Structure formats: structure tokens, C-alpha cells
Amino acid sequence: MNFAGFIQSLLGGIGTGTVYALLGLSCSLILGRLQICSVMHGDLALLAGYLCYQAYTVLHISPFITVIILLPVFFGIGYFIQDVFMKPFMKLETWKGRYQGQVMVSWGLGMSIMALEYIIFSGSYKTLNVPYRNSTIHIGAVTIPVVHIISFALVIGLLIVVEVALKKTSLGIKIRACSDDSVSAKLTGIPYDKICAITFGISSALVAVAGLAYTLMSQLNPSEGFDLTFLGWAAVILGTMGNLKGAVTAGILMGIVQALTIYLWIPNLAIAAIYIVLIIILVVKPRGLFYWKKRERGSAA
Amino acid sequence: MNKKRMLRAFAAGLIIFAAYLAYLHGSNMSYYASFIVYICLFLIAGQGWNLLGGYIGEISFGHAVFFGIGAYTLALPSGYGIDIPIPVTLVLSMLISGLFALAISYPLLRIRGLNFLVGTFGLGVVFLNVFKSSKQLFANKGVFVPFVSPQVLYPLIVGVTIITVIFVTYLVNSNLGLSFRAVRDVPEAAEMIGINLYKTKTQALVIGAMITSLAGFLYALYSMHVSPNATFDPAISNDILLGSYIGGCGTVLGPVIGGAVIIIIQETARSAITITGGHNLVLGIMLVVVMMTMKEGIWVTIQKLVDKLGKKKGSSSGKKLPKEKTEVIR
Amino acid sequence: MKDTILQLDNLEMGFGGLKLFSDINISVEKGEILGIIGTNGSGKTTLFNIICGIYTPLSGKVVYKGEDITGIAPHQIARKGIGRCFQMVVPFESMTPLENIKVARANAGKSCKGPEFSIEEILELTNLTDKKDITTNNLSLPDKKNVEIARALACNPEIILFDEVSCGLAGEEIRERMALMKKLAEKGITIIVIEHIMVFIKEICDRVVVLHAGSLIAEGTPDEIIHNEKVIDAYLGGREL
Numbered sequence: 001m002n003f004a005g006f007i008q009s010l011l012g013g014i015g016t017g018t019v020y021a022l023l024g025l026s027c028s029l030i031l032g033r034l035q036i037c038s039v040m041h042g043d044l045a046l047l048a049g050y051l052c053y054q055a056y057t058v059l060h061i062s063p064f065i066t067v068i069i070l071l072p073v074f075f076g077i078g079y080f081i082q083d084v085f086m087k088p089f090m091k092l093e094t095w096k097g098r099y100q101g102q103v104m105v106s107w108g109l110g111m112s113i114m115a116l117e118y119i120i121f122s123g124s125y126k127t128l129n130v131p132y133r134n135s136t137i138h139i140g141a142v143t144i145p146v147v148h149i150i151s152f153a154l155v156i157g158l159l160i161v162v163e164v165a166l167k168k169t170s171l172g173i174k175i176r177a178c179s180d181d182s183v184s185a186k187l188t189g190i191p192y193d194k195i196c197a198i199t200f201g202i203s204s205a206l207v208a209v210a211g212l213a214y215t216l217m218s219q220l221n222p223s224e225g226f227d228l229t230f231l232g233w234a235a236v237i238l239g240t241m242g243n244l245k246g247a248v249t250a251g252i253l254m255g256i257v258q259a260l261t262i263y264l265w266i267p268n269l270a271i272a273a274i275y276i277v278l279i280i281i282l283v284v285k286p287r288g289l290f291y292w293k294k295r296e297r298g299s300a301a
Numbered sequence: 302m303n304k305k306r307m308l309r310a311f312a313a314g315l316i317i318f319a320a321y322l323a324y325l326h327g328s329n330m331s332y333y334a335s336f337i338v339y340i341c342l343f344l345i346a347g348q349g350w351n352l353l354g355g356y357i358g359e360i361s362f363g364h365a366v367f368f369g370i371g372a373y374t375l376a377l378p379s380g381y382g383i384d385i386p387i388p389v390t391l392v393l394s395m396l397i398s399g400l401f402a403l404a405i406s407y408p409l410l411r412i413r414g415l416n417f418l419v420g421t422f423g424l425g426v427v428f429l430n431v432f433k434s435s436k437q438l439f440a441n442k443g444v445f446v447p448f449v450s451p452q453v454l455y456p457l458i459v460g461v462t463i464i465t466v467i468f469v470t471y472l473v474n475s476n477l478g479l480s481f482r483a484v485r486d487v488p489e490a491a492e493m494i495g496i497n498l499y500k501t502k503t504q505a506l507v508i509g510a511m512i513t514s515l516a517g518f519l520y521a522l523y524s525m526h527v528s529p530n531a532t533f534d535p536a537i538s539n540d541i542l543l544g545s546y547i548g549g550c551g552t553v554l555g556p557v558i559g560g561a562v563i564i565i566i567q568e569t570a571r572s573a574i575t576i577t578g579g580h581n582l583v584l585g586i587m588l589v590v591v592m593m594t595m596k597e598g599i600w601v602t603i604q605k606l607v608d609k610l611g612k613k614k615g616s617s618s619g620k621k622l623p624k625e626k627t628e629v630i631r
Numbered sequence: 632m633k634d635t636i637l638q639l640d641n642l643e644m645g646f647g648g649l650k651l652f653s654d655i656n657i658s659v660e661k662g663e664i665l666g667i668i669g670t671n672g673s674g675k676t677t678l679f680n681i682i683c684g685i686y687t688p689l690s691g692k693v694v695y696k697g698e699d700i701t702g703i704a705p706h707q708i709a710r711k712g713i714g715r716c717f718q719m720v721v722p723f724e725s726m727t728p729l730e731n732i733k734v735a736r737a738n739a740g741k742s743c744k745g746p747e748f749s750i751e752e753i754l755e756l757t758n759l760t761d762k763k764d765i766t767t768n769n770l771s772l773p774d775k776k777n778v779e780i781a782r783a784l785a786c787n788p789e790i791i792l793f794d795e796v797s798c799g800l801a802g803e804e805i806r807e808r809m810a811l812m813k814k815l816a817e818k819g820i821t822i823i824v825i826e827h828i829m830v831f832i833k834e835i836c837d838r839v840v841v842l843h844a845g846s847l848i849a850e851g852t853p854d855e856i857i858h859n860e861k862v863i864d865a866y867l868g869g870r871e872l
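Chains as they are written, first to last, in my numbering: chain A, 1 to 301; chain B, 302 to 631; chain C, 632 to 872.
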């Protein structure tokens, strides 16, 4: 086993992991905070990816500019989805109908997005051929693709922005209030439904960035959307619900697991290995890696 | 109570009719007969999913795993040329998937959350990829299984479907089924009357897994060929889950109706929209519409309608309505 | 000398560094009705949650019939014979009252050794006989509370914990509950109640303990408690304020 190769694949894993981290970050924001469950985030990410691809190949617009345009658009889409499709389920208790209903509705929406992608872009694999896609930086014997560095910077940047926004801004405080207790948030005069919609919008905007990162690193195919969603969710669970830093860390860890499987073992099982590791970790820590037991609840409920 | 029983008898009649159809067409392998039997397979699997998904409320996105285990327990020995009588493999397949369900319940069902949902989806991915990529398991080309004449097999499958529906009806009205619903309604209070949440969920999962593996086993006999893409594919999990949800999870007949509706619509859409993956648009829109308009699924909505009409007109109209309704929805 | 059925030993509880109470010692005798009163936030419901095993205390023990049950899972405690009615009404709403009773009987009811009522008796006691086949979801609040009591009874418990059963009920309904509790106590079921209504406490309790500001400030018969200075201080505002 050569050491440089090992380090190389480790770094590559961190690079791929950033996509999962971004997905995890956006899922964690709505899942962990407001307990809105959505299985359409992967499809939204893929939609953003396809739009970047289309803008670049047809109009020659840099995907980064496209994403900047897409941010408000996706915010709007997210706001709309929450307001129209998810809101009816917000009345229900989290585990009694809300999560089931939202999973189903968002799954239906995701499925529709996927089908539209199939119809418009066909089922063949598409590659976004930006000139810097294959350029790399050499450090000793190790080469790092530029896109990995960009994506890593995006993750860290967005994590800091979201964390600070949640702590300092008035919107962040409102979001935290709503996630702590919906009833008292409403009684304090916080427009609960609106805050939920805004949070969903932000999460959708974040997912557009994840879509960009994914497009720069891999090939696009409509069927990947559902898998991406669950990889994002896996990051949320692995990093403990509601813990944004945890979700990002877990996402990167998942990337590393994937890369090491390719390096040491069978490439076909790279994604499967992520889930195997997830399940093994859940045996030991059912609430994720970053959960330390409080003495509040003795039982599993 | 009486009306409920009548509706159930009516549905049972429908199934018996399907059995008759299957028998009639089984002799010359007509398309319709095989299609009805195909639907029946998903009805069985849907009943298995419904025990945990509907009665307890933990959504599984990976029931194809149990479906596939059922199919492969039959296929693998025959692929290696080992001759095991079919009844033995049947028991074996149910046993294996039950034990597997028991094993995965520990990491996935101990806490209430999304662990189960994501974990089951992950297991689906794991099984699909493992079976696709390992030569010992015959990889992508799959295995041929022993031939059973459709004349015997089709009525058998329809019969098993009926037995499964009756068994599940009995089960959910038994004390165990009541415990399932107690766990779904108020877990905290369920604990206060001595229900072990984890154990109850595990029981539902294990029984459900066994039923689903039964469906997979019959599928293997039905299609005479088992491959990872036909058994472990997420599409199988999705069909099972979609059928139950659209029909009305947490009821016995909901998955029966929903499963039939889903398979029929899917096949129609697939032949109408020729672009790969395009038929998902119909399914997606239907799912959204059903969830937004009737949150509890088609069957529960029909039941409510029947109740309403029954109150207005008296009980005589209750019997005819569901038939018309299902026809319209189909 | 009476039998002690439940013994709380030096219980200490707190959440995230905030101490709720400490040094709680209560012993409950078999067959008595014990009232727990205290200001809001004094930890009455938490005390119930500890007895039921939902919370594990920071230190101290819960001893039930000579057996240490601290830290045991809630469902095991329920199977040993401790039943509970919640402050928020939570019957199993998708089931009928009869099914509510059946499911309780089939679980904890099998292993508990308290005085046994038949299902008909329970329905009779809780006035649910003619409503036994209506889905609980469609019942009124007093009936839902009755379903909960029925469910707790169906477990054949030796102790029932009532958490503010009178909350949200009107005069006559409260009287019914009081009569029911007395009946249960006569049958030999030990009852612990949390209440805010003093009449209720005065009428039915054999003994009352008062929780205030993290400790047990008084214990005695209802009459003694009502005239206890500390209790008056706690409830009406002390002289030091």
C-alpha cells in the first residue's frame, strides 16, 4: 500500500464528501431545526445541476454565475413548496402524520422533478465540461482537483454563514424559537408558517449550491436525485439531528468512507459502504456521532 | 361493525373473482392473468410493509430487501444445482428474512426518528450493489428457478394473497395489532401500559418482513428468473410503499386497493409515455394529489364517504358504492 | 405497622445543571390515597416521571415492594404494577374505549397482580358501557379522561398515579372522579394524586405531601397541611417577601 496514494484518496474523499456535507447542511436546517421532512432535496440539487449544465452548454454562462441567479429562484421554489405542499401537515404532531405526510408529498414532487428531467434532458449521463474541471494543484506527490478546493471552501463558508445567522440575526433567533416550540413561538407573535417557509427556502437555496458542487465533480443523471437525498439524510443522522456542524462533518466522513472503499476494496460498493458504516455506527450510537447522553430520558422513544 | 364486515366480504369476493380469472387465463398464459397475478404479488408485499409502515408509522424505503431475500432463497440453491423441495425453501426464505429483520431492528428501530427510513433505504442500496457485483451471487445475469406450471401457480398466488389479507385482518384486530396501534397513537402512554416499544416495533417488522419475503418467493416462481434488478431494485420498494400509502396505510384493504391502483397506473403510464423515466411524472403527480386531498388514502376516504351516504340513505347503499368508486379511480 | 409499597429515597433531580429538587423522601403505604401538592414547577410531574421510569434521577432510589426500580425501562415498571394517568389526555385515539382496555389488559394486565376488575366492571366504573364502541377520537374530554382511567385500571395495577385528573373538568365530573378514587382505594389500590384543587385533596386524601422550591416542606393529614405555616407561606407568599 503506498502512502501517497492513500493520502490522495483520502483528500479525494474529502472532496466528494463536501457534496454530502452541503446536502446534509441543507437537510439538517429543516429536518433538525423545524422538523420538516423532505425527500426532494436531492432532486432539487440535481435540478440546479441541470440548469447550470444547460446554461453553460447553450449560453456559455459560468455555472457560478448561474448559481448566484439560482439562489433567489430556489429560495422562491422552496418557499412555495413549504407554503403550498408542506404547510397542511405542519399542524400534525411530528411523528403522527406530519413526517409521513411530508415525506410522501415531497417524494411525489421529487418524482415529478425527476420525470421532468428525464423528459427534458433524457436519461443519458451529462458532463459539465468547464475548463477548470480537470485542473489540479500539486502538493508534493499529491494532486488536488481545483473543484474540490472550491467545494470545500463553499461548505465551510456556508456553514459559518448559517451558524452565525442562526445565532446573531433576528431571523435566526426566530427560526430557533420556532424549532424549540411552535406554539409559544406563535404566541410571541412570530409568524410560524412564514418562518418555516423562509427556512425551507434557505435550505433549497443551499441545495442549489450542493447541486453546483455535485455537477462540477460527477456526471448528471436524473435517477441520482433520490440517492442524493438519502445521502444528505444519512449525513444528518450520522451527525446527530439538528447539529449543523455534525451534519457537515458526517458528510465529509462519508466521502472519506466512499473514497477509501474505492481505494482499498471494491469500487462497485462505494455507496453501499457508506450505508454499511452508517448502520454499524447506529448500532453503537443510535442518535448519531455527535450525541452525548443526557440523563433526561431513560428509554428509547 | 356490520358494514365493515360487509365491505370486507365484498373485497374478498373481488379477490376470489381475480382467482377465477387467473385460473381461466392461466391455461393459455394470457397477459391479463399474469398481470393480475403480478398485482397480487405486490398486494402481499404491501401487507407486509403495512404492518410496520401503516400500523406503527415507521416508513421503510427498503422492503425490496426482504422481497429479494425471498426470491434469492429459492434461486441460489437452484443456481448452484442443489435440489431443495420448494416448501422447504419457502420456510427457509421466511425464516432468513425474519432473522435479518430482527438483526436490523437493533440499529434502526431503537429510537424514534429517521434512522429507520434512511437505514432501510441504505440496505436496499447495499443489497442491490452486493448482488449486482458479486459473481458468487450470479451478478447481473441472475438465476433461473425451477418451473412451476402457471395453472398451479396462479391460483396458488391468488390464494396466498387472500390468506395473507385474512391473516393480517386477524392479526391487526388481535391484541398484538392493538399494541401496534397503541405505539403509533401515543408511544408514551403505550409504555405506561407495559408495551415495550422497541419489541413491538420489531415484532411488526419481523412479521412484515416474512410476509414480504413470501411475496418475493412467489415472484421468483412467477417470473422463473431472478436478477438483482428485478428484486432488489429501489423501484420495488417504491411500488410496495406507494401502493400502501395511496390506498390508505393502517388499514387492511388500503394496500390492496392502492397496490392494484399503483401497478395499473404505472403500467398504463409506462406504455403511454415512452421516454425513459417519464412515467414517474404520472406517479409523482398522483401521489401529491392523493396526499393533499385525502391524507389518509383512497380506502379511508371511501369508507368515510360510505359512512356519510349510509347515514343519509340507510345501510342498503353501502354495499354498491365502493365498487363504482374503485372503478372510477382505476 | 402498615406495609410500605413505594419508597422514594433521597431523590435528586435536575435538568442541565438546573437543580429541580433534592432530598425527597416519601414513603407510600399500601391502600392509602396520597396527595402531592405544590406550586407550579416544583417538580410534581417530574416526580411521577421518575416513578414511571421516564426520567432517571440524578441520585437516590425508587423502591417498589422492596425492589429497587430506579432506571428500569418504563414498560417494565408498568408491568410491575404502577399505572398512570397523564395530565394531558392521551388515550389511543384510533381505537374504541373497549380496545383501549383490551390492549392494556393484554400487556401490563397480564403481569400485574393488583385487584382485578373484569372489562365490564371497568366500563361500568368509568361510565363507558354505552360508549365502548365509539372511536375515542370522537369522544368528549371527560370521556377521554375516563378512557384513560379505564386503561390504567385494565393494567390491574397496585398503584395508580393520577396527574391532575380534575384539570379541565367541571363540578359534577370532579365529584364523579372523587367517588371513583375512593372506590378504588377501598378495593386496595394505592393512589397517588397530584392536584391543585384543595377541596379534592381535603375530601379524598389520607395524607398529603407538599413540594416547594426543591424540597419537601410538609407532610401530614389534609387538615394539618392546610394549617401548616410553611405551606401557607409557600402558597400565599411568605413573610420574608
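Watch out, some of these pointers could steer you wrong.
[Claimed, not checked] For the chain C half of the interface with chain B, some residues (derived, Cβ under 7 angstroms), not all of them:
id : residue
1  : GLN718
2  : VAL721
3  : SER725
4  : TYR866
These are computed hints drawn from the structure, not numbers from a lab.
Bear in mind that the values here come from a model prediction, so they are computed numbers and not experimental data.
C-beta: ideal position from N, C-alpha, C; glycine also.
Outcome of the hint check:
Look at GLN718 of chain C: its Cβ only gets to about 12 angstroms from chain B, farther than 7 angstroms, so that hint breaks. Contact between VAL721 of chain C and chain B, as hinted, is supported at the beta carbon level, the nearest pair being about 4 angstroms apart and thus within 7 angstroms. About 6 angstroms separates the beta-carbon of SER725 of chain C from the nearest beta-carbon of chain B, less than 7 angstroms, and the hint is met. Taking 7 angstroms as the C-beta cut-off, the interface hint given for TYR866 of chain C is violated, the closest approach to chain B being about 30 angstroms.
The structure fails hints 1 and 4 (numbered hints given earlier, in ascending order).
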